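Residue numbers (the working numbering), protein chains in the order written: chain A, 1 to 148; chain B, 1 to 148; chain C, 1 to 148; chain D, 1 to 148.
Hints may contain errors.
[As the list claims (entries may be wrong)] Cut-off 20 Å, straight-line C-alpha distance, at most; resulting in silico cross-link-like pairs (PhoX-like, lysine-lysine):
#1 Lys112(D) - Lys8(D)
#2 Lys6(C) - Lys63(A)
#3 Lys8(B) - Lys98(B)
#4 Lys8(C) - Lys98(C)
#5 Lys98(A) - Lys6(D)
#6 Lys98(A) - Lys8(A)
#7 Lys6(B) - Lys63(C)
#8 Lys63(B) - Lys8(D)
#9 Lys98(D) - Lys6(A)
#10 Lys98(B) - Lys6(C)
[As the list claims (entries may be wrong)] Per the computed footprint, the stretches of chain A lying under chain D, defined by three or more beta-carbons under 8 Å from a beta-carbon of chain D, are:
#11 11-24
#12 27-39
Keep in mind that the hints were calculated from the coordinates and are not lab data. Source: prediction; values computed, not measured. Where a beta carbon is used, it is the ideal one built from N, C-alpha and C, also for glycine.
Number of protein chains: 4
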Amino acid sequence: MNSSRKLKPSDFSRRDYTYWQQVSTRWVDNDVYGHINNAVYFSYIDSVVNQFLIEYQLLDLEKSEVIGVVAQSQCRFFQSLSYPGVVDCGLRVRHLGKTSVSYEVGMFEQDKEAVAAVGGFTHVFVDRSQHRPRPLSELMRSAFSTLA
Amino acid sequence: MNSSRKLKPSDFSRRDYTYWQQVSTRWVDNDVYGHINNAVYFSYIDSVVNQFLIEYQLLDLEKSEVIGVVAQSQCRFFQSLSYPGVVDCGLRVRHLGKTSVSYEVGMFEQDKEAVAAVGGFTHVFVDRSQHRPRPLSELMRSAFSTLA
Amino acid sequence: MNSSRKLKPSDFSRRDYTYWQQVSTRWVDNDVYGHINNAVYFSYIDSVVNQFLIEYQLLDLEKSEVIGVVAQSQCRFFQSLSYPGVVDCGLRVRHLGKTSVSYEVGMFEQDKEAVAAVGGFTHVFVDRSQHRPRPLSELMRSAFSTLA
Amino acid sequence: MNSSRKLKPSDFSRRDYTYWQQVSTRWVDNDVYGHINNAVYFSYIDSVVNQFLIEYQLLDLEKSEVIGVVAQSQCRFFQSLSYPGVVDCGLRVRHLGKTSVSYEVGMFEQDKEAVAAVGGFTHVFVDRSQHRPRPLSELMRSAFSTLA
């Protein structure tokens with residue numbers, strides 16, 4: 001997402017995303033105003049991204065020598081979401097660098113067309129022990145390109 | 001749950017529960033050992049209970065004059081669960097008092113027969129402003145008895 | 001805590017606890033009723049316990065071969081707490097077994113004498129890889145006895 | 001924060017911030033890699049901001065007719081933080097609009113000079129029932145200008 005221009009919900013569509021997951025909201029997600037707390041959206045985002053990585057065997061929580069470290073993250077909130085209910089989360093890749101990838105997750109209320117929030121983050125891939133950047137593997141590059 | 005005796009997983013079965021919900025685990029649920037943190041199970045439990053209350057129109061988050069306040073809670077952990085994945089949560093009522101109800105939630109890994117954890121809590125129903133106990137309505141009593 | 005008898009706030013006093021930590025509440029801790037969500041108390045409890053273990057060098061998150069696994073937990077809620085504010089958490093040991101220890105944490109609003117909530121859990125110590133119970137070390141036994 | 005240029009930790013200093021709060025980390029904040037999860041930083045950020053609003057009597061959780069709704073948020077992560085420990089959070093105002101304010105929170109490990117993470121969000125002030133934007137009150141404008 002380019003933050004230099006004012007983004008509108010109509011800039012995003014369910015058709016923009018090919019990989020989907022459903023996140024079930026929780027009672028504790030709601031804040032005192034009865035809406036999902038802003039920090040909680042980021043826990044949806046990294047659950048979706050990491051599940052993609054695990055499904056595509058790009059990440060093994062216990063054994064992978066290369067792990068993704070979050071360098072920056074951002075989210076834009078258009079329409080509040082609330083527990084109870086399920087959030088449809090669509091994932092795409094916005095930028096593919098030499099050692100990093102930037103994901104975008106569109107979050108939609110179930111059966112609604114208009115996007116509720118759009119967020120994402122940049123993963124820098126590093127070796128687990130020293131945290132030095134590592135080039136993306138061919139496997140990663142290939143998997144991420146299916147999300148571009 | 002009676003805590004005076006040592007409970008075993010075989011004391012609980014999927015057949016004990018008639019009302020079910022699925023909770024999707026999140027990346028942040030895992031602790032440093034790679035298992036769902038013990039506190040997080042309680043967020044599953046009260047999500048399931050409150051969704052039941054809302055579905056059966058026993059609770060309206062904004063308007064209900066009588067709300068449930070948690071008086072005590074407990075959980076027994078038999079087998080660790082982990083993100084990613086979905087937790088099957090079965091709900092039943094263990095005790096129905098004059099102003100309170102005690103719920104039990106059995107938590108199972110998807111497609112597994114053995115219970116992973118069993119927890120629950122006691123809701124005391126009180127008026128929203130003064131927090132004074134109120135007798136269960138007939139509607140509540142009837143809905144809870146379907147879970148007994 | 002023995003759950004077979006009805007516990008009252010007056011059964012607990014700040015003087016019962018010798019080890020103390022302060023937990024700062026968070027905006028997201030409050031639920032829709034404006035009170036700390038019941039699941040969140042358990043995140044206070046295991047933060048206090050694990051910090052004790054780390055301070056007394058009984059646990060090294062990365063290197064310890066023996067780790068504590070939560071077997072059961074429970075909490076009793078007497079008085080609701082809310083963000084903003086700090087919670088004074090007192091820790092004591094309720095039972096010391098061969099391979100396990102049961103902690104109790106009394107939670108108090110700052111500058112208040114009456115206890116707000118009392119909870120705890122049982123840690124079974126196991127080897128990290130196989131999760132088989134291991135007897136408490138002398139170091140542990142000695143540290144825990146200062147909290148009894 | 002302007003995201004169009006690559007920000008460095010040296011762009012931020014403890015002297016940039018006049019309003020401070022300490023957040024105690026929690027066991028559950030750590031992810032499987034032993035570092036505070038990225039979503040959790042946002043729960044620090046909005047705890048600090050809302051506590052400021054409450055302290056300066058700009059927000060009453062129960063009674064305020066005008067509340068702040070988060071329109072966008074972002075964070076940049078320079079150095080990982082971990083439980084146990086305390087995070088020093090400094091708050092300043094980055095932009096003051098007609099109906100909105102953009103906060104920045106610098107997060108520092110205790111007794112460290114280098115910033116660990118810098119994040120923030122934009123609050124749009126709206127009436128509680130209809131969520132229509134409302135101009136900042138003079139009280140708000142005056143309080144926020146002390147943080148500019």
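Comparing the hints with the structure gives:
| no. | hint | verdict |
| --- | --- | --- |
| 1 | Lys112(D) - Lys8(D) | 16 Å, holds |
| 2 | Lys6(C) - Lys63(A) | 48 Å, violated |
| 3 | Lys8(B) - Lys98(B) | 30 Å, violated |
| 4 | Lys8(C) - Lys98(C) | 30 Å, violated |
| 5 | Lys98(A) - Lys6(D) | 16 Å, holds |
| 6 | Lys98(A) - Lys8(A) | 30 Å, violated |
| 7 | Lys6(B) - Lys63(C) | 32 Å, violated |
| 8 | Lys63(B) - Lys8(D) | 49 Å, violated |
| 9 | Lys98(D) - Lys6(A) | 16 Å, holds |
| 10 | Lys98(B) - Lys6(C) | 16 Å, holds |
| 11 | 11-24 | violated (count 0) |
| 12 | 27-39 | holds (count 5) |
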